[in-house]
Amino acid sequence: MNTDVPPDESSPPHRAGSDVPFFAGLLLLSGVYVFLILAMVLANTAYTSLDIFARTLASPEIQYAIKLSLITCSITTVLSLWVATALGYCMSRFEFRGKSLLDSVLDIPIVLPPLVIGLSLLILFRSPPGIWFEEHFKAITGYRITYAVPGVILAQFMVACAFAVRTMRATFDEIPARREQVALTLGCTRSQAFWSVSLPEARRGLLVAATLAWARSLGEFGPILIFAGATRMKTEVMPTSVFLQMSIGDIESAVAVSMLMILAAMAVLLVVRFWGSESYVR
Amino acid sequence: MIRLQDVSIQAGEFRLNSISLTIPTGEYGILMGKTGCGKTTLLEGVCGLKRVTTGTITLGDRDVTRLKPGERGIGFVPQESALFTTMTVYEHLAFALSVRGWKKPAIAARVDELASMLGISHLLQRFPFGLSGGESQRVALGRALSFRPRILCLDEPLSALDHDTRLEICDLLAEVQRTMGVTVLHITHDPNEASRLAHCIFRLDSSAIQAIPLQTDASISL
Chain A
214 MNTDVPPDES SPPHRAGSDV PFFAGLLLLS GVYVFLILAM VLANTAYTSL
264 DIFARTLASP EIQYAIKLSL ITCSITTVLS LWVATALGYC MSRFEFRGKS
314 LLDSVLDIPI VLPPLVIGLS LLILFRSPPG IWFEEHFKAI TGYRITYAVP
364 GVILAQFMVA CAFAVRTMRA TFDEIPARRE QVALTLGCTR SQAFWSVSLP
414 EARRGLLVAA TLAWARSLGE FGPILIFAGA TRMKTEVMPT SVFLQMSIGD
464 IESAVAVSML MILAAMAVLL VVRFWGSESY VR
Chain B
5 MIRLQDVSIQ AGEFRLNSIS LTIPTGEYGI LMGKTGCGKT TLLEGVCGLK
55 RVTTGTITLG DRDVTRLKPG ERGIGFVPQE SALFTTMTVY EHLAFALSVR
105 GWKKPAIAAR VDELASMLGI SHLLQRFPFG LSGGESQRVA LGRALSFRPR
155 ILCLDEPLSA LDHDTRLEIC DLLAEVQRTM GVTVLHITHD PNEASRLAHC
205 IFRLDSSAIQ AIPLQTDASI SL
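Those sequence lines, one after another, are chains A and B.
For the first sequence, my numbering assigns the number 495 to the last residue and increments by one with no breaks.
For the second sequence, my numbering assigns the number 226 to the last residue and increments by one with no breaks.
For the record, the hints were derived by calculation from the structure and aren't laboratory data.
Heads up, some of the hints might be wrong.
[What the hints assert, rightly or not] Calculated pairs, EDC-like style, for lysine to aspartate or glutamate (alpha carbon to alpha carbon, straight line, at most 20 Å):
1. B/Lys38 with B/Asp209
2. B/Lys54 with A/Glu308
3. A/Lys312 with B/Glu17
4. B/Lys54 with B/Asp10
5. A/Lys312 with A/Asp232
6. B/Lys108 with B/Glu95
Excised from the complex, chain A in its bound form (with noise of 0.2 Å):
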């Protein structure tokens, strides 16, 4: 057939194939995945009972626990949000020699492996200036780094800042610096300009990212195991209660506690939900 002759009116017109392989592929790949995430949590749900949950739940080790993990993440959050604020809006707002480097540089925590941000943590601490550092702290504040409830907070603050940090940085990326700017002009200092015009408009930013630095600082384990180890009634946290009920065998009491980390994290999903995706509207 000779495809450089153009097709006459009497030639039948074109007929496009079925979409219906493309979104049976689309619906086949995504289908698994959620499948697999809402099977997970159902499991979970499922092989718990009210009772094993009451009886975990009265024992003193895991109140423990639990009043640890909340008081150590919201102590994380508060921290983290201050140092995300600051780092966010710099990189936001500023262009400096070094940037993309430092840009690098906050990335780390994300991508390496939870163990080896304890372990670093920990090496660091026993380097000459970490002995100088933790002595002066104890000195302080009557309170050991390594091994104790401090450690617990700065090895989820290692982690949960970096998070907090990308979401500031995209929230006040998406706030117009000229709003910043207008207010200069009107007679603000940078201080000034930054708490009455920036920050308020970060807000939404602000509690997401809080709600992130949360729920991140509540699963982390793997930095909390080495660097504060996992010692009951002293340095554990919920994840480290699911780990020593799953070492004791008592794998009921390890699947309550994850059910109330399942139950927490969905809270925050709910919020981030919530708060990241609705509109400015008043």
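Once you have looked at the hints, place chain B on chain A.
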């Protein structure tokens, strides 16, 4: 008076070289030029938002070249209004006055005066979300004028407006300039806008700035 003498500004790769212009006190100066020729950069230099590498900027009888933006006494209206999304219209008009430590009754009186002059009294409790383009520009203009600056810098304030609103705001700008006696530097692409408002017109191209005689402004082309 706005006077630029041999002003050069470096903005990334872009550079404006040796720009000089003078807008006499109380006059309406229009700056025209092709997109990307550096009009906004020049305006930012005047406002103190871009650092001037050489030359001097004089506003009235003050050399402001090294002053911070907030010390120059310039009302700035950017192209996209840049309203503060978390503040009401009232708070916009009161913002510069609060920064200057005005007392609440004085602020309220000034906001009332501005709002009635700009026809936005009914919007005072609204947030920027949902304001029309014309309303937003009136608020941005009010915010810039609130602290009674002697100089007003406008960066294409009418470009995002429909034809009727554009004429309306154009008349408002002329009236504001006349009644408040401010010296204006206004960037625009639109020759009609220029001929309606200007006391003096300048055209900026890639290498230089030139004053365009007013009598020929009807034939301004870019």
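Exercise. So which of those numbered hints doesn't the model satisfy?
Worked result: 5
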